[in-house]
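Residue numbers (my numbering), protein chains in the order written: chain R, 1 to 115; chain E, 1 to 112.
Be careful, since some hints might not be right.
[What the hints assert, rightly or not] Per the computed footprint, the stretches of chain E lying under chain R, defined by three or more beta-carbons under 8 angstroms from a beta-carbon of chain R, are:
1. 32 to 45
2. 93 to 106
[To be verified] Here are the simulated EDC-like cross-link-like pairs (lysine to aspartate or glutamate), alpha carbons at most 16 angstroms apart as the crow flies:
3. R:Lys44 to E:Asp1
4. R:Lys54 to E:Asp1
5. R:Lys78 to R:Asp30
[What the hints assert, rightly or not] A few chain R positions that, by computed beta-carbon distances, are all more than 12 angstroms from chain E:
6. Glu42
7. Gly59
8. Glu85
Read the hints as simulated data drawn from the structure, not as lab findings. Ideal placement from N, C-alpha and C gives every residue a C-beta, glycine not left out.
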Amino acid sequence: EAGVTQFPSHSVIEKGQTVTLRCDPISGHDNLYWYRRVMGKEIKFLLHFVKESKQDESGMPNNRFLAERTGGTYSTLKVQPAELEDSGVYFCASSLGGSGANVLTFGAGSRLTVL
Amino acid sequence: DQQVKQNSPSLSVQEGRISILNCDYTNSMFDYFLWYKKYPAEGPTFLISISSIKDKNEDGRFTVFLNKSAKHLSLHIVPSQPGDSAVYFCAASGWRRDQFYFGTGTSLTVIP
Chain R
1 EAGVTQFPSH
11 SVIEKGQTVT
21 LRCDPISGHD
31 NLYWYRRVMG
41 KEIKFLLHFV
51 KESKQDESGM
61 PNNRFLAERT
71 GGTYSTLKVQ
81 PAELEDSGVY
91 FCASSLGGSG
101 ANVLTFGAGS
111 RLTVL
Chain E
1 DQQVKQNSPS
11 LSVQEGRISI
21 LNCDYTNSMF
31 DYFLWYKKYP
41 AEGPTFLISI
51 SSIKDKNEDG
61 RFTVFLNKSA
71 KHLSLHIVPS
81 QPGDSAVYFC
91 AASGWRRDQF
101 YFGTGTSLTV
111 IP
C-alpha cells in the first residue's frame, strides 16, 4: 500500500511569493490533516478535512493560508504571499478515522524556506 | 498554550540500557495518547498508543505508562538499541480522536 505522499520535498522561495504544497493521502482515508513544525518546536495542527469538507481549520495561522481537498482525494496547501515566519516543515497525515483507535500516518513533509 | 509538553529536548543512553522519555499534558479531556518516532528527513511514524482506560501498554521493547492523576505519560524502551536513535513525539487527543496535539519532541541518542 502506498503511503502518504507529499510534494515538493523542499521549496525555497522569496518573501512575497506563492507556494503550493500537495498531499496525496492513503487511498480510502477520509481524514486528512495538515501540520507544521517550525525548527525545535512542536508539531502544530493546522487543519483537518473529512473527505472534501473542512472539519476544523482552527490552526490555520491567517488568511494567507488556503487549503483545499478536491473530491476528497488529494489536498493542496497554498501560502500567498509567503512571509519569513512561514518557514518550516509542513506535514500531511491521513487516517481512516472513527472514534476508535485513530492513528495518523504521516508523509515525509515539505520543507518550506522563505528568504 | 501548549497542551502537550516534552521538557527534555534530548536524551543519551548506552546501548542495552533503558530509555525513559517523558510527556506531560494539561488538558484533562485528553483520553488517548500516542508516541511517534521520527528519523531525519522522514515523517513521524506511529509507535505505540494508550487509552485512558489503561495505565500501561506494551509492544515488544516499548512500554507506555499513563498516570492520569498526574497528567503524565512515559515511554520506556528496553533494551535500547542504536536504531532507536530518533526524535520521539508524544501526542494526545480527546474522545473524538479527530485532533491531535503534539509535543516538541525528545531527541534520543543510543550510544553503541
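To see whether the hints hold, each was checked on the structure:
1. 32 to 45: holds (count 8)
2. 93 to 106: Held - the stretch 93 to 106 of chain E has 12 residues with a Cβ nearer than 8 angstroms to chain R, which meets the minimum of three.
3. R:Lys44 to E:Asp1: Between R:Lys44 and E:Asp1 the Cα gap is close to 12 angstroms, so the pair holds against 16 angstroms.
4. R:Lys54 to E:Asp1: violated, 24 angstroms
5. R:Lys78 to R:Asp30: violated, 21 angstroms
6. Glu42: violated, 5 angstroms
7. Gly59: Violated, since 8 angstroms does not exceed 12 angstroms.
8. Glu85: Since the minimum Cβ distance to chain E is about 18 angstroms, R:Glu85 lies beyond 12 angstroms and the statement holds.
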